[in-house]
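Protein chains in written order, with this note's numbering: chain B, 52 to 448; chain E, 52 to 448.
Just so you know, the hints here were simulated from the structure itself, not pulled from any lab data.
Given the structure is predicted, the values throughout are model-derived calculations rather than measurements.
If several chains are the same, the list does not tell them apart, and a pair holds so long as it fits within one copy or across any two.
Derived DSBU-like pairs: lysine-lysine, alpha-carbon spacing no greater than 35 Å straight-line:
| hint | residue 1 | residue 2 |
| --- | --- | --- |
| 1 | K133 | K193 |
| 2 | K133 | K334 |
| 3 | K156 | K186 |
| 4 | K193 | K334 |
| 5 | K133 | K186 |
| 6 | K334 | K156 |
| 7 | K156 | K193 |
Each chain is listed here by its residues.
Number of protein chains: 2
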Amino acid sequence: MTSSRRAASISIEGAAVQLSEIATPAALIDEARMTRNIARMQERMGALGVRLRPHVKTPKCIEVARLQEAAGADGITVSTLKEAEQFFAAGFADVLYAVAILPAKLDRVLALRRRGCRLTIIVDSIIAAQAVAAKGRQENHKLDVMIEIDCDGHRSGVDAESDLLIEIGRALGDGASLKGVMTHAGSSYELDTPAALRALAEQERSRAVRAAERLRAAGLTCPEVSVGSTPTALSCASAAGVTEVRAGVYVFFDLVMLNVGVCGLDELALSVLTTVIGHQPDKGWAIVDAGWMAMSRDRGTQRQRTDYRYGMVCDAALNPIDDLLLSGTNQEHGIVSRRDGLADHDLANHDIARRLPIGTQLRILPNHACATGAQFADYHVLTRAGGVQIWRRFSGW
Amino acid sequence: MTSSRRAASISIEGAAVQLSEIATPAALIDEARMTRNIARMQERMGALGVRLRPHVKTPKCIEVARLQEAAGADGITVSTLKEAEQFFAAGFADVLYAVAILPAKLDRVLALRRRGCRLTIIVDSIIAAQAVAAKGRQENHKLDVMIEIDCDGHRSGVDAESDLLIEIGRALGDGASLKGVMTHAGSSYELDTPAALRALAEQERSRAVRAAERLRAAGLTCPEVSVGSTPTALSCASAAGVTEVRAGVYVFFDLVMLNVGVCGLDELALSVLTTVIGHQPDKGWAIVDAGWMAMSRDRGTQRQRTDYRYGMVCDAALNPIDDLLLSGTNQEHGIVSRRDGLADHDLANHDIARRLPIGTQLRILPNHACATGAQFADYHVLTRAGGVQIWRRFSGW
Numbered sequence: 052m053t054s055s056r057r058a059a060s061i062s063i064e065g066a067a068v069q070l071s072e073i074a075t076p077a078a079l080i081d082e083a084r085m086t087r088n089i090a091r092m093q094e095r096m097g098a099l100g101v102r103l104r105p106h107v108k109t110p111k112c113i114e115v116a117r118l119q120e121a122a123g124a125d126g127i128t129v130s131t132l133k134e135a136e137q138f139f140a141a142g143f144a145d146v147l148y149a150v151a152i153l154p155a156k157l158d159r160v161l162a163l164r165r166r167g168c169r170l171t172i173i174v175d176s177i178i179a180a181q182a183v184a185a186k187g188r189q190e191n192h193k194l195d196v197m198i199e200i201d202c203d204g205h206r207s208g209v210d211a212e213s214d215l216l217i218e219i220g221r222a223l224g225d226g227a228s229l230k231g232v233m234t235h236a237g238s239s240y241e242l243d244t245p246a247a248l249r250a251l252a253e254q255e256r257s258r259a260v261r262a263a264e265r266l267r268a269a270g271l272t273c274p275e276v277s278v279g280s281t282p283t284a285l286s287c288a289s290a291a292g293v294t295e296v297r298a299g300v301y302v303f304f305d306l307v308m309l310n311v312g313v314c315g316l317d318e319l320a321l322s323v324l325t326t327v328i329g330h331q332p333d334k335g336w337a338i339v340d341a342g343w344m345a346m347s348r349d350r351g352t353q354r355q356r357t358d359y360r361y362g363m364v365c366d367a368a369l370n371p372i373d374d375l376l377l378s379g380t381n382q383e384h385g386i387v388s389r390r391d392g393l394a395d396h397d398l399a400n401h402d403i404a405r406r407l408p409i410g411t412q413l414r415i416l417p418n419h420a421c422a423t424g425a426q427f428a429d430y431h432v433l434t435r436a437g438g439v440q441i442w443r444r445f446s447g448w
Numbered sequence: 052m053t054s055s056r057r058a059a060s061i062s063i064e065g066a067a068v069q070l071s072e073i074a075t076p077a078a079l080i081d082e083a084r085m086t087r088n089i090a091r092m093q094e095r096m097g098a099l100g101v102r103l104r105p106h107v108k109t110p111k112c113i114e115v116a117r118l119q120e121a122a123g124a125d126g127i128t129v130s131t132l133k134e135a136e137q138f139f140a141a142g143f144a145d146v147l148y149a150v151a152i153l154p155a156k157l158d159r160v161l162a163l164r165r166r167g168c169r170l171t172i173i174v175d176s177i178i179a180a181q182a183v184a185a186k187g188r189q190e191n192h193k194l195d196v197m198i199e200i201d202c203d204g205h206r207s208g209v210d211a212e213s214d215l216l217i218e219i220g221r222a223l224g225d226g227a228s229l230k231g232v233m234t235h236a237g238s239s240y241e242l243d244t245p246a247a248l249r250a251l252a253e254q255e256r257s258r259a260v261r262a263a264e265r266l267r268a269a270g271l272t273c274p275e276v277s278v279g280s281t282p283t284a285l286s287c288a289s290a291a292g293v294t295e296v297r298a299g300v301y302v303f304f305d306l307v308m309l310n311v312g313v314c315g316l317d318e319l320a321l322s323v324l325t326t327v328i329g330h331q332p333d334k335g336w337a338i339v340d341a342g343w344m345a346m347s348r349d350r351g352t353q354r355q356r357t358d359y360r361y362g363m364v365c366d367a368a369l370n371p372i373d374d375l376l377l378s379g380t381n382q383e384h385g386i387v388s389r390r391d392g393l394a395d396h397d398l399a400n401h402d403i404a405r406r407l408p409i410g411t412q413l414r415i416l417p418n419h420a421c422a423t424g425a426q427f428a429d430y431h432v433l434t435r436a437g438g439v440q441i442w443r444r445f446s447g448w
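Okay, chain B solo, but in the shape it has when bound (with noise of 0.2 Å):
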């Protein structure tokens, strides 16, 4: 796997690659913005004085974790066991797989750690926990295990205050090493205001720590304290208590997140390229070839502040089109059309090919990176020197 996915880092560099020498729709990272959010996060991170382990299902591609890991990241995150064994194939060692553990993926979790990948698990359930020991002891080999803490009501995880938290810990016993806690404030992508954003951070810390102290005080191992998403991450006041940071989305950013407000337009590293095929005059529209299929379903501003549709239109420099949104999709067909919903005749002139003629390319920035990026099989990077790399990525489980 490792080899096929180097010897498909074709480099172009230098070769003078024009953007409209690249098929359409293609997936565009800004090498140049992309750059500047790991550089960015990971600085905070230093300042707070915890460890960031990125969280690699936004992206899943190998480059950007060497990017990643170069600026100073320690160990990654993912979400599937798929990215685990790319990841680890590609010399990713340190791994957290955050989802909850099924224990018929115990199997594929101990042929990792028998190859030498440093994998932990997490569980948020006695019955996990307790398959977990019963591996453990069954295989002669104690996997490493954090419980998830339920920060915030989004999701999975035990509350922090519980006595199942402790049960949990307990449930481990000697068939398993507990490692510490960890959780997600999910639930940040909700919010909009740096004051809410602040306090939800900080209550995902305490939480976190609040859990590991009540685990200590057990007599329970909990070394790590790990907790994480880019809004909270960006947002909280203090790590206190926290040993490591998990973020994913900030490496790209996106519309969502421009929403939250922890992201600024000029931070937005991954666009769709696509190219106009037609017009609907009378409407107002242009066809373009980036429909859902290129984009992804995804309407996660739907809810917010701002309702992009399916994306910000912008030219092929990215310079954003104001006065225009990519406002529909079918599989291989979007609609550009105008954001306030009239069409070019109501304002007594036709304009919508001449200005953007047919074969005129468009960047469009997503609303939601992990999954656009996931509609596609690599990314065609605009390097700082000015050429285009591909890199791969994959999906999968």
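Put chain E on the given structure of chain B with help from the hints.
This is chain E only, laid out in the frame that chain B set:
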């Protein structure tokens, strides 16, 4: 490409494979249901006396297309040139690329045609028609072209009554071969009564036929009249003047089509196999390992008569569990909760963990089969013989 796909079609038939041996999440095809769906559409087209040209963008799977061909389908429809290339490599030579051609993509079209693919392209603008004709003269190779008709204001195409229609036909001139007209009543997805569907099907038919008549009256050739969408194909009262019908999603059907009213629940052939990985008993939630990465972000039933959120929850044998829905998703987490929004404790019993213990396999029927299928690299096919086969599907452009 073909040989690797063939090699990947591993039959484990007869090996008594249980669903519990399939790693989750996985995309399952119920072959018996799919085969009935294929037969139903083919029989209907036979009764109407028209050819069926299935749209392979839904399954993107050679094996599925072979079943359609064996049932009587004549040619295929594709939404990307990659589909054209992949299916041609597998022996499908009669291909309609049903997205308005971008002049920059003509070299790829020509390359396919020179290898023997009878690839037809479509145009809906003078600019594109001129580019196609110029390319044909330059390359001394007349391309087969259809003109796209807008029959319902849904997306692209030209009005059947417009001067533009004739101008496009003339712009092709002697540089291309005008093969006919095609249209797609995409707005049929927004309807949900037999009368409205029948009316739209008639509108689709009559406008396409009218466009062909106008072209012929103008002295242009127009042998083919191609129409279709799954809802209109299953609702039309007449196909007079039509030569072929295109439809895609009928192979699998989905919850959107159930709401439209053109299929029954026992015709939904695609489901996502998932496993319970945790619970939030106080909320009445079971957490499963199918998030939006497995289901897609498609919320196509959101504005229909019944909103199924991210999908209908069934047991492993595909029996619906009527009081539950896949109500929310994150990237690799799904939340199964009560359809009525009540937590089980509101019903004086905390039974979600007892009803759906960790390790329980569920099957989720998706909103939109095209979008959900696209999240997977392969299908696990539950064959009529009781075995399991793995069929590859592909993505990308």
